[in-house]
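**Q** Please put together the full structure from these sequences, using the hints given.
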Amino acid sequence: MPWFYFDVLHDGDEVTRDHKGIDLPDMVAAKIEALQIWKRVIRERDAGGRNPLHWNVAILNLHGTVLALVPYPADCDAWG
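Going by the UniProt record's numbering, 22 is the number at position 22 of the sequence shown; the sequence numbering is gapless.
If you're looking for bench data, these hints aren't it; they were derived computationally from the structure. All figures in this text were calculated on a predicted structure; none of them were measured in a lab. Even glycine gets a Cβ: it sits at the ideal position worked out from N, Cα and C. Keep in mind that the hints are not guaranteed to be accurate.
Said to hold, decoys possible - List of simulated lysine to aspartate or glutamate pairs, EDC-like, C-alpha gap at most 20 Å: (1) LYS31 to ASP7; (2) LYS20 to ASP7; (3) LYS20 to GLU33; (4) LYS39 to ASP75; (5) LYS39 to ASP7; (6) LYS39 to ASP18; (7) LYS20 to ASP75; (8) LYS39 to ASP11; (9) LYS31 to ASP18.
Stated by the list, open to error - Cβ-Cβ distance ranges computed for the label pairs, FRET-style: (10) ARG43 to HIS63: 29 to 35 Å; (11) LEU53 to MET1: 30 to 36 Å; (12) ARG50 to ASP23: 27 to 33 Å; (13) VAL66 to ASP23: 15 to 21 Å; (14) ASN51 to MET1: 32 to 38 Å; (15) ALA68 to LYS20: 15 to 21 Å; (16) ASP75 to ASP23: 27 to 33 Å; (17) ASN51 to PRO2: 29 to 35 Å; (18) ARG50 to MET1: 18 to 24 Å; (19) ARG43 to ARG17: 17 to 23 Å; (20) HIS19 to ARG50: 20 to 26 Å; (21) HIS10 to LEU67: 15 to 21 Å; (22) TRP3 to ASN51: 16 to 22 Å.
**A** So this is what it looks like as structure tokens:
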């Protein structure tokens, strides 16, 4: 299975790097994991964090190549 990393790209050039990564079966599973990360980011925002509206979760491979950017989900208010 491929190894994926999930960096959070903040406003400007600030990045929260994922130094651990996770072994997932495919890109579909990686996108689902990115949405789980968004859920955590949104909970932290509600607890007083910064507004992540223009942030992205970058999905990277083992070599650091960005495979996809997952933007702030439009339907996140429905997540509760």
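**Q** Hint by hint, which ones does the structure fall short of?
**A** Hints 7, 18, 22 not satisfied by this model.
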